[in-house]
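J.: For the record, the sequence lines run as chains A and B.
Under the numbering used here, the first residue of the first sequence carries the number 9, and numbering increases by one thereafter.
Under the numbering used here, the first residue of the second sequence carries the number 210, and numbering increases by one thereafter.
Simulated from the structure, these hints should not be mistaken for lab results.
Any given hint could be a false lead.
[To be verified] Partial selection, computed: residues in chain A whose CB lies under 7 Å from chain B: (1) 27; (2) 58; (3) 66.
[Unchecked claim] So, partial list: chain B residues that the calculated Cβ filter (under 8 Å) puts toward chain A: (4) 233; (5) 567; (6) 569.
[Claimed, not checked] Which stretches of chain B does chain A cover? Using the computed rule of at least three CB atoms under 8 Å from a CB of chain A, they are: (7) 311–320; (8) 325–331.
We treat Cβ as the ideally placed atom computed from N, Cα and C, and that holds for glycine.
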Amino acid sequence: MSRLHVTVTEDCAGTGQCVLVAPAVFGLDDDGLSTVIGPVDTLESAASARLAADRCPMGAIRIEE
Amino acid sequence: MTARTSIPAFEERLSDPTFWADPHPTYDLLRREAPVYWSEGRGHWLVTEFDLAETVLTEPTDFSSVGFENRHIARLPEDTRVRAARVAVHFETPQLVSSDPPDHTRIRRAFGSHFLPRKVASLDTLIRAVAAQLLQSVAGRQFDVVADLAEPLPVHVISEVVGIPREFRDRIPPVTLDQREFFGSPSIGPEHARRFTSSLEEWRGLLTEWMDARRRTPEDDVLTRAAQMVDEGRVTLDEAIATLLHLVIAGNGTTTALIGNAMYHVLRHPEQARKISANPELIPNAIEETLRYETPLPRDRRIATRDLTLGDAEIQAGDLVMSVLAAANRDPNHFPDPHRFDAARSFRESHHFAFGRGIHLCLGAPVARLEAAIAIEALFGHFTDLRLVEGYEPDWHAITTHRGLTKLPVVTDRR
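All chains should be modelled from the sequences, with the hints used to inform the complete structure.
T.: This is the structure we're talking about:
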């Protein structure tokens, strides 16, 4: 599959929900905010990134094909 | 497939007055026999299995957060209901816990800035100072962890975060109690509805007044942010008021329960208490275990938006569905030996549900965690030999919405 373009917007509040469901894709930076740490280029990572976007309390994860 | 079929033996256990002393044998039974169970007596489904509770919490299009409060009010006896008309209006306004996307996302973004990790970390010094001050004024060899520390500390902290003036802070516990009893007490009457109505009215007036004051003199607090969000048209005045009051109320009672529950379970296990007292870096994990083991907010409510199947239960559109967080947190498929309090338990495989899951994850969770950890550290720092009063039997608040101790008397010989 082609690589998905995943970004965390400035709405991130560091709730860590994305790290729980997609630990290979998201991590927390020094400010405790979410950041993309891994590529989203497999079906599994794409599914977990989408789940993270669904569950983000701030709606702060953007996914583009 | 099971539609709404209540089982008399389960109903009896759920309504037994001794249920609250230890609800877990009943929750275990439900999880094994009917993990999605319709209780006729309670008037809602109880979801006790971890994976199913997670589904309910993370699929807001199927399980809505709107309308619970007014459903509750509609079920009250008429003489109480008529006096709760103003309460109903207040809870019709979307705020954090009673809204779905896109309202929820909009409101959460408007208020989220004061709960960012860096912002919360900056509260550390304040929380330590308040905890130290409270413990210094404790007199005698015996004191009550709940009344002397667990109640006043969160009231002080949430007041600083929101910007509640000092002279009004003693009004926070009464409105918190009013709301908790209104939604959680099995027997509320017209007098109660009248009291809650008048405290809501009073708070709405005060919050409006304080937001006006912040327009003239901005501060670094949530009231200032709220006024700004209203002026920019991002939230309505009613939404701002409802959300502010929610933050004040949710920001103290639950953390009070967490601090009391944590100290109780740590002291109940003297070996773990000794280890924690000597190694304060173990405290944050002990707080996580308390959140799992004695979940301060034991359930979260949703309303089904369509007919659907959950587990093997057929839920109808409009049914009230309770995720029993306290039961999911003791699901043996996710937490080995779930009925053991283990302050060193690893949460790497499964994380507990105490703050919810998904979009409604508790906004104040980082503040609650920080306050509870500092409270426990301060207790052990001030009194190295703390222990429970001999013969102490826990007295839990008899309400469905919270799990917390009415008092926690402890003794020390070194002071």
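J.: Can you take a look at whether the stretch 311–320 of chain B is actually covered by chain A? Rule is 3+ residues, C-beta closer than 8 Å.
T.: Our answer is that it holds, as 3 residues pass the Cβ test (under 8 Å) against chain A, meeting three.
J.: Grab the minimum C-beta distance from residue 58 of chain A to chain B and call the hint holds if it beats 7 Å, violated otherwise.
T.: violated (12 Å)
J.: Do three or more residues of the stretch 325–331 of chain B come closer than 8 Å to chain A, measuring C-beta to C-beta?
T.: holds (count 4)
J.: Using the nearest Cβ pair, does residue 66 of chain A come within less than 7 Å of chain B?
T.: Cβ of residue 66 of chain A sits 6 Å from chain B, so the hint holds.
J.: Given residue 567 of chain B as an interface hint, is its Cβ closer than 8 Å to any Cβ of chain A?
T.: With a minimum Cβ separation of about 4 Å from chain A (threshold 8 Å), the hint on residue 567 of chain B holds.
J.: Given a cut of 7 Å on the nearest C-beta pair, is the interface hint for residue 27 of chain A held or broken against chain B?
T.: violated (10 Å)
J.: Does the closest beta carbon of chain A sit nearer than 8 Å to the beta carbon of residue 569 of chain B?
T.: Cβ of residue 569 of chain B sits 7 Å from chain A, so the hint holds.
J.: Take the shortest C-beta to C-beta distance between residue 233 of chain B and chain A; is it under 8 Å?
T.: Given a least distance of 25 Å, the restraint on residue 233 of chain B is violated.
Going down the numbered hints, you'll see the structure goes against 1, 2, 4, while the others check out.
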